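**Q** Each chain is listed here by its residues.
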Amino acid sequence: MPNSSTSAVAAVTTTPSPDVRARVLRGIRLGMPIFLGYLPVGMAFGVLARTLGFTVLQSVICSATALAGAGQFIALNIMKTGASVFAVLAATTVVNLRYVLFAATLSPHLRKTPLPLQAVLAYSLTDETFAINMADQRAGTSTDASMVGVGLISLIGWVTGTLVGATLSGFIGDPTSWGLDFAMPAMFAALLIALAENRRQALIGGVAGAFALALPLLEASGITLGTGWIIIISSMVAATIGAVTDR
Amino acid sequence: MSSNYIWAAIVGMWVANFAIRFIPVAVVSRMDLPEPVMRWLRYVPVSVMGSLIALEVLRPGGEYQAPWNGAHLPAALVSMATYYYTKSFMGASVAGVVAFIVLRGFIG
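Here the protein sequences come in this chain order: A and B. The first sequence lines up with residues 1 to 247 when you count with the numbering used here. The second sequence lines up with residues 248 to 355 when you count with the numbering used here.
In short, the hints are calculated from the structure, not lab data. From a predicted model like this one, the values you see are computed outputs, not experimental measurements. Glycine residues also receive a C-beta, built at the ideal position from the N, C-alpha and C atoms. All clues given are correct.
A short, non-exhaustive set of chain A residues, derived as facing chain B with CB atoms under 10 angstroms:
1. P33
2. A49
3. F86
4. Y99
5. Y123
6. T227
7. G242
Not everything, but these chain A residues come out facing chain B in the computed CB check (under 10 angstroms):
8. L52
9. F54
10. L106
11. A135
12. A183
13. M184
14. F211
15. M236
Here are the computed distance ranges between Cβ atoms for each label pair:
16. A:A119 / B:D279: 19 to 25 angstroms
17. B:G338 / A:E219: 36 to 42 angstroms
18. A:F171 / B:V284: 48 to 54 angstroms
19. A:G53 / B:Y332: 46 to 52 angstroms
20. B:V274 / A:I233: 20 to 26 angstroms
Construct the entire structure; sequences and hints are all you get.
**A** Below is the structure:
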């Protein structure tokens with residue numbers, strides 16, 4: 001582990017050179033599965049947004065600026081009820097609070113990164129880009145440029161999917177019924193293997209999953225937690241167990 | 248749904264989603280985190296993935312699903328095995344989707 005983290009830091013601090021383009025391209029290749037996964041889900045968002053009264057332009061701009069998967073779907077659901085804009089923002093923020101965790105986890109690797117580039121990388125931070133970049137970081141091959149590539153191809157996938165879905169809305173049914181959206185869980189499953197450096201890490205991943213599955217049971221005692229909170233609470237509890245038992 | 252309402256939500260989501268991603272990066276990357284916090288952060292990625300995959304596979308669509316009662320779990324295992332042996336995210340994603348669509352044909 002010390003080896004991989006040292007080399008990761010070295011890679012990040014290397015000054016830009018003619019092979020920046022090669023690194024961005026490497027990131028784009030690395031992010032291709034995200035692109036494939038985002039296409040059908042982005043299409044589903046486009047279809048749904050149109051049926052709720054968004055124009056094609058509004059659907060596409062929403063995806064391009066928010067880049068927030070589940071957060072966008074939740075927002076649509078709440079807008080459908082005619083809730084205030086503030087309520088919409090509160091819901092999408094809660095669903096995406098885990099980005100705070102991601103950002104904090106990624107930060108030690110971005111110490112030498114200039115602020116504008118940090119902004120670019122933060123903009124493209126999602127479940128999938130975070131996991132791919134962390135796995136790449138652990139392999140010691142991640143650079144700022146490769147992370148830009150991963151973010152770029154993900155954004156293109158999400159926006160392209162939304163454009164296609166919003167344009168063809170009315171001609172196609174629910175794109176998630178085709179089964180292609182399983183690309184996301186399939187990627188999470190592979191990423192779990194990639195991120196587990198050792199048996200303890202794998203075990204903590206399992207503990208987190210068990211908590212995530214148990215938390216909805218609290219509904220019986222009148223505590224209803226949205227998916228956003230469930231993911232945050234189970235992750236923080238499991239990470240704490242991991243850190244405390246790691247001596 | 249009025250056009251103004253939609254635009255206000257879009258702009259608000261843009262600001263909110265960017266702020267919760269960027270502010271922690273900008274602040275934390277300029278701090279020296281103590282060792283216990285770093286150790287904690289090392290367990291965050293695997294914990295988040297564990298939570299996400301458990302919910303996607305065993306509680307798809309917000310309803311509990313027995314592991315033997317759908318294509319989700321076996322397809323996820325196919326994806327894990329493919330990654331383990333090939334180290335390819337692309338291969339693992341494609342294998343998982345194909346397994347999901349094929350298995351869904353048999354067990355729904």
